[in-house]
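Undergrad: Protein chains in written order, with our numbering: chain E, 275 to 443; chain W, 3 to 762; chain D, 57 to 158; chain Y, 23 to 361.
Where hints are given, some of them may not hold.
Restraint ranges, calculated between C-beta atoms of paired labels, are given here [said to hold, decoys possible]: (1) Ala390(E) with Ile750(W): 15 to 21 Å; (2) Gly375(E) with Ile723(W): 48 to 54 Å; (3) Ser705(W) with Ile374(E): 57 to 63 Å; (4) Ile750(W) with Ser264(Y): 52 to 58 Å.
Don't read these hints as lab results, they were simulated from the structure. Predicted model only: the values in this text are computed from it and were never measured. We put the CB at the ideal spot given by N, CA and C, even for glycine.
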Amino acid sequence: MSIALFQAILFYVFGALALGAALVMVAQRNPTYSAFALIVTLVSLSAVFGLLGSPFIAALQIIVYAGAIMVLFLFVLMLLNVRTEVRAPGEGRVFKLVAIGFGALLVGEIGSVLVAARPALAGGFDASARQVARLLFETQYLYVFEATSILILASLVGAIALAKRDPSP
Amino acid sequence: MVAHSNHEPASGHDEGAPAAHAPAGHGTGHGHPPEAGFAGSPWVVLLTFILLFGAGGWLLRSFPDTVPFAILLLPLLGFTVLALFGDAIRDQGEGAGACWLACGTVLTSFALAVATVYRVMQFPAGDTGLRFTQPYLGFEWIAAGPFRVQMNLLVDNLSSVMVLVVTGVGSLIHIYSVGYMSHDPDRVRYFSYLNLFTFFMLLLVLGGNLPLLFVGWEGVGLCSYLLIGFWFTKKSAADAGKKAFIVNRIGDVGLILGMILAFNLFGTLDLVDLVSNATSLTEESLWQFGPITTVCLLLFLGACGKSAQIPLHVWLPDAMEGPTPVSALIHAATMVTAGVYMVARLGALYSLSPTAMTVVAVIGTATAVLGATIALVQTDIKKVLAYSTVSQLGYMFLACGVGAFAAGVFHLMTHAFFKALLFLGSGSVIHAMSGEQDMRNMGGLRSKLPWTHRTMLVGCIAIASVPPLAGFFWKAEILWSAYKIGGWGPYVWGMGLAVAAMTAFYMFRLYHMTFSGTFRGTEEQAHHVHESPRTMVLPLQVLAVGSILAGLLGVPAILGDVLHIPNVFERFTEPVFEAAHEALPQVFTAAPPAHTIEMALMAASVTIAAFGIALAWQLFQRHPEVPARIASSAAPVYRLLLDKYYVDEIYQAVFVRGLALGGGKTLHAVDRYVVDGGDGEVRPGLGVNGIGWFVREVVAKGSDVWDRYVVDGLVNLTAAIFDNMSYVFRSLQNGLVQHYALSMLIIILFMIGIGSRFIL
Amino acid sequence: MSPTLIQHALLLSLALFAIGVVGVFLRRNVITVFMCIELMLNAGNLAFIAFSRAWGNLEGQVLVFFVLTVAAAEAAVGLAIIISIHRHKDTLDVDAFNLMKW
Amino acid sequence: MSLTPLQQEIAISALKVLVIFGALMSLFSGMTYIERRVLAFMQFRLGPNRTGPFGILQPVADGIKLFFKEEVIPAGANKLLFVAAPALAVVTAFLAVAVVPYGGTIHIKGRPILLQISDLEVGVLYLFAISSLGVYGIVMAGWAANNKYTLIGGLRSSAQMFSYELALGLSFVTLIMVAGSFRIRDIVDSQAGWIWHWNAIRQLPAFAVFLVAATAEVNRTPFDLPEAETELVAGFHTEYSSMRFALLQMAEYINMITASAVGANLFLGGWHFGLPGVPSSPLWFIGKMLAFLFFFIWLRGTVPRFRYDQLMHFGWKVLVPVAMAWIFVAAALVLWRQA
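In isolation and in its complexed conformation, chain E is listed as follows (with noise of 0.2 Å):
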């Protein structure tokens, strides 16, 4: 038994864990199972990443997603308090099978792509918070973090101009 061999144990569990939780969320009606379910998808997410060799991103990906995104969603569905999907009667149906087989064709494209790819396995490889906040603020990266830091601030601002309550009425 070897370091190797229980990291791939891992990545095995967490990966099953993430598309397992994937399904239910797809196939769950009640939009706060989904929403839980997507939370564990996200956790065994950064797992997964943490597996890859990339700690910095495993950590802000529960930070951004586990702990701010999933919270602002579960808000919404308590403050909408949105019921169960009532199974609308029989129109749609066409629709959704049709959207399934494009699914399935999508997985057939891509994955003969990447099955029949060969990715290698970079040596030496250090993803740690140091080396990517370098990458981040050492080149031409830095104005993109600029410009996403105004995007924030863009998207706050229409975030509360669009949910706030119109005082007319």
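Position chains W, D and Y relative to chain E; hints supplied.
TA: Frame of chain E; chains W, D and Y shown alone:
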């Protein structure tokens, strides 16, 4: 490079300390105006001031490269303080204190500027005699691929002169404003703007590369907008502000494009490198619109906007809506000369392109003439000065255009003195007349405003070229260098001479209408007239002295040799224009005439100036009734001048309402009479209708059948097809997001499918 | 850690992405649809990470960083939009939002 | 030894986990007693003093009582989530402890053993991640019980944790900048030596922000709005009874202990004594942690509760700006020192 970035952060850190408190100290220094003093024990304040100022001085001494930054940042600091705490200060009843704080910052920068210039002069001169330092803030401002802009200033012979002018005149005008604005409730805001303007102007002149210069450029534009519209409740003021802003934008487009092209051309925007790269290029021939010419002309467009040259001169006269000190500082002394500064700064570049030089000279001359002629008849005292400014700026560009950069900058400096003096004087007059600006309601103020009168007189003499004051020397210099280039030089010289005469005339017209004769104002104006407070008179006196002495700095060589007065100014600034002057001989290939001619020209300019003065005296002192008669006899010309050549109206018609209405009418007329012309009966001719008539009578009948069955048939068929297909397609656009998403997915799959063919 | 593992990670990301895509079509609740989109984004992140691991190139990590940022902004605005829509139409059924048609 | 190195590693880690787990459990039960006792003294009461000497066995009694109580699951509740919530809460609470170091390295039979379950390179970020997951337990509990008090309690607490996590994180940023690492161990070691190297002194503003934010983060007075008895019965765990209630309580206390441990590590120099001469030892760390715990209890005995709007206002308009400002200052100082 003298500056080393290694100790920059440290010193950049401590330059704040002295700056932060020196103004407060100054506040206490002058700070006992009748209105209010500083709260708290003055002794404590004074002591802290002394200590901190000493500490700051020591630090600046030990890190001399931070001094220019201190010069820059002091006014900014003043602005910040006033902008953040201004209202609080005012509500504390310390408004006057705030004003003095503003003055303090600028005065301190002035002191530092003097120190800097002194230091620059200590540097070992380069082979050209150029002494410069490039203080470096220690970081790169923009680093985008090859486009790198350092955060560095440039202090050399030229910019140090400019800094002296800006801070010197600026501080005087600050002090003046304390008196002038003392009754204004918003004066704190006013002073914060004034400080901000000073900061940007200093950035403009000190900026070590075009982008920094551009920041200052835009900044002063902004401040000018803010200050013109300072009394924004008055619609005319607000409109004038907007006008200035917009017109300047037109110029700025040129400046930006020019910068971009310049970067493509030289691969750098650093001023020093620009000049050194420029010298390596070969000059273009006349009327060859190569890259250099294009760059120069684009930059010159920017200069036109900022320095109010034809065709962008229209904003400057309206800018007089702002407070008079603002007109003095921004629209006479500093900002409007930015264009001249830039052209002179890039003289090496311009001198490579005869085309650009010619354009500059021609535009300058034209503007000079235009401004002078309009100024002849204006009756609003500030309008006269405004147009005089326009024409003097034209003079400066004329100088640059004929390659006399040093003379142009010299004119710039002296003009800053006496034009600021004149504006402040007029401000004092207006102040005394309680807001009256029309000279027809003035007169006989000589006794009432003794100091204003004396100083104004000095200003008038200085601007009308009377030796040995400034005006005479630079006019002689510029005209001579215009004449000696040969070619079109003499014509320019003639124009310049005429302008000189007109200048002398309208200045003394202003003088006489204002100060001599009898008082023509209303009664309560009469007994209300009073000499301005000390704070306003003092700057006038200082500026007057400056106007008298400044001229002696730049005595033309020919006179200097006789009188043994060296041309200090030219010798000091010469190195900056070395590169330009080297290139000039290829541009102006005329053998310089003999010195006797120069003497003659000088004599001519003196005599014609004297003539102008005498004429003004005759018309407005001896026979005040004559001008009216002249005006009526030459009514059309008079109206033309009085209405400023209708330029505003033309712009209004062409650009504002133009294409909507004026153009529309024309087009309509053309359309109706030329295109449509002649419909067989009424208007015979070969317009559309003529042809139409022919067609209607002959061709149409035949084609009708074809038309109805074949053409319409096809059209209807197509229509039918689309009509039916629409029923199919509209179901695609059913507003259901998911359906759209599906179609999106399908397309993506299609694309992936194609792409994967290549991968596999 | 072996190349096959990387490959499986990529396949996992593909599977997640496909699930997200299908989910967008299956679910009629706007919020769930939105969550499916988030899932797709995550699949993309996974692919980025896997590739960056494969080729020892950190740019993938940086891109994930930006995806996270954008996702956060998007979630904020999107949920705000959903709330305001719900306020007007009082439902979260995507089929109800069909004003954008001929 | 017949174990392969990997197995040894795993065994040691398991051992560490067990030890820490036991220590936490006992500390938790101890805390319930100590808190009641101390509060009682602060209010001139006696507090629990019947069971055992000085009532030391009180926690045991409580445990037994809770254990034998009836489990009640409300009819309208969402069973799955209702059951899952306490578990989630406790799990996240325990997960956070994994990266908290409690001493340097000790050597047993020449084998270096790190006094820490796992020394993550992104320890601080991990802490955030886990603490942000902690919200879900509460939200779930509040929502699943299908009761308006619990729902409001859950929403409140999640909103509160949200807002104060921000301040908490910002207060850590400066430490990270100064230590130049996300590794908690590095941050602790950056405070070795004299006492004024402690971040609590060197970075007083950050410390102040941390104290407030941490108090809010663990829902202690004056920020215990989620279970504001006077308004919300018992907040999100109104409907819980018996062991699930005990679990929620445990989660709260474990969170508090974690917060104290983190505070002791990041701000009070962890296992360093504060004088260059004195050898560093886990004892100092434990002492500091206990001091923090006492501080929390003290607060509860002293300070009245905030109003909800005040809480939000304070979090967003005071705490966050202060932290930001301090970040700017600290960054400037760091840069200046580097130059």
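Undergrad: Of the numbered hints stated earlier in the document, which are not met by this structure?
TA: Violated hint (a single one): 2; every other hint is consistent with the structure.
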